[in-house]
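Trainee: Based on the provided sequences and hints, a complete structural model is requested.
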Amino acid sequence: MSGLDLPPVQHILRNLPQKSIGTYEMDIYEALRSFASSEGNYRSIRDAIAALVVANKANPNGDPSISQSANPTKTSADLSRACIPFIGDYLLHFVAFVDTTPGIYLSQLTKYDKLPDYVDPTAPTEPVEDEPGGALTQPRHPEVFSNLAPLPPSMTVEPLINVHKQRMISKVAIDFLNSQQLTGKYRIELEKKLHSRCLRLKTLDMVTLEHLGFQNT
Numbered sequence: 010m011s012g013l014d015l016p017p018v019q020h021i022l023r024n025l026p027q028k029s030i031g032t033y034e035m036d037i038y039e040a041l042r043s044f045a046s047s048e049g050n051y052r053s054i055r056d057a058i059a060a061l062v063v064a065n066k067a068n069p070n071g072d073p074s075i076s077q078s079a080n081p082t083k084t085s086a087d088l089s090r091a092c093i094p095f096i097g098d099y100l101l102h103f104v105a106f107v108d109t110t111p112g113i114y115l116s117q118l119t120k121y122d123k124l125p126d127y128v129d130p131t132a133p134t135e136p137v138e139d140e141p142g143g144a145l146t147q148p149r150h151p152e153v154f155s156n157l158a159p160l161p162p163s164m165t166v167e168p169l170i171n172v173h174k175q176r177m178i179s180k181v182a183i184d185f186l187n188s189q190q191l192t193g194k195y196r197i198e199l200e201k202k203l204h205s206r207c208l209r210l211k212t213l214d215m216v217t218l219e220h221l222g223f224q225n226t
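The sequence shown begins at 10 in the working numbering and counts up one residue at a time.
Honestly, the hints are just simulated from the structure, not real lab data. Just so you know, not all the hints are guaranteed correct.
With a straight-line Cα cutoff of 20 Å, these simulated EDC-like cross-link-like pairs (lysine to aspartate or glutamate) come out [said to hold, decoys possible]:
| id | residue 1 | residue 2 |
| --- | --- | --- |
| 1 | K120 | D56 |
| 2 | K180 | D122 |
| 3 | K123 | E135 |
| 4 | K174 | D122 |
| 5 | K174 | D139 |
| 6 | K194 | D184 |
| 7 | K120 | E48 |
| 8 | K123 | E48 |
| 9 | K174 | D126 |
| 10 | K66 | D56 |
| 11 | K123 | E138 |
| 12 | K174 | E200 |
| 13 | K174 | E198 |
| 14 | K123 | D139 |
| 15 | K180 | D126 |
| 16 | K28 | E39 |
| 17 | K120 | D184 |
| 18 | K66 | E138 |
| 19 | K120 | E135 |
| 20 | K174 | D184 |
| 21 | K180 | D56 |
Mentor: Listed below in structure tokens is the structure:
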């Protein structure tokens with residue numbers, strides 16, 4: 010879907026003769042485009058995977074009427090809760106043409122990485138900066154604690170580790186590990202001929218794709 014959303018490809022789709030693509034196919038395309046949207050850090054995909062994880066934990070062996078000795082990956086009930094999550098990566102070749110984002114996990118990590126590592130307890134909304142020598146800036150408004158009992162001489166008020174940031178990053182890692190379990194439900198045998206053909210596929214570089222997409226404008 011990321012490839013189909015590239016500006017040159019979208020230009021081609023908009024300029025195709027009317028009804029070149031059937032209504033049914035376009036409905037499927039729009040539904041997939043909406044599902045794979047990066048809006049809300051791929052909210053639709055993340056919600057779908059989360060639902061699969063919950064269903065898998067509630068009934069990890071699939072249909073209880075099937076013998077436990079049978080391979081659960083062979084049952085339709087089990088495969089209906091399998092998926093290969095979109096981990097994603099930056100589309101480096103296309104950054105000049107589209108504002109790309111990472112996949113569902115890297116997208117969240119990129120967002121949380123922008124949060125501050127430390128928080129000033131006297132001014133939580135103000136940034137904590139590194140000073141020469143690696144030290145952190147001292148609290149800006151220590152007077153806010155003036156009504157409290159003084160600290161022992163060996164202790165000082167210092168910036169705090171942003172625990173919220175670490176928790177958010179940890180949750181992304183846990184979600185990723187949970188989604189990995191869903192991929193293990195697939196047992197796909199390698200089709201050597203098809204695999205070989207896929208390895209030999211040639212892709213268009215961005216310059217060629219841009220030329221083909223906009224040559225009639």
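Trainee: Does D126 sit within 20 Å of K180, going by the straight-line distance between their CA atoms?
Mentor: holds, 17 Å
Trainee: Regarding the pair K120 and D56, is the alpha-carbon distance no greater than 20 Å?
Mentor: holds, 18 Å
Trainee: Given the hint that K180 pairs with D56, does the C-alpha gap stay at or below 20 Å?
Mentor: Holds - the C-alpha atoms of D56 and K180 are around 14 Å apart, at most 20 Å.
Trainee: Take a quick look at whether K174 and D184 sit within 20 Å of each other, Cα to Cα.
Mentor: Distance ~16 Å between K174 and D184 Cα, so the pair holds.
Trainee: Are K123 and E135 close enough, with their CA atoms no more than 20 Å apart?
Mentor: holds, 14 Å
Trainee: Is K174 close enough to E200, meaning Cα to Cα at most 20 Å?
Mentor: violated, 44 Å
Trainee: Need the status of pair K66, E138: alpha-carbon distance at most 20 Å?
Mentor: violated, 43 Å
Trainee: Need the status of pair K123, E48: alpha-carbon distance at most 20 Å?
Mentor: holds, 18 Å
Trainee: Are the Cα atoms of K123 and E138 separated by 20 Å or less?
Mentor: Holds, at about 14 Å.
Trainee: Are the Cα positions of K174 and D126 separated by 20 Å at most?
Mentor: holds, 7 Å
Trainee: Would the pair K120 and D184 pass a check requiring their Cα atoms to be no farther apart than 20 Å?
Mentor: holds, 16 Å
Trainee: Please verify whether K174 and D122 have alpha carbons no more than 20 Å apart.
Mentor: holds, 8 Å
Taken one by one, the earlier hints fail for this structure at numbers 12, 13 and 18, listed in ascending order.
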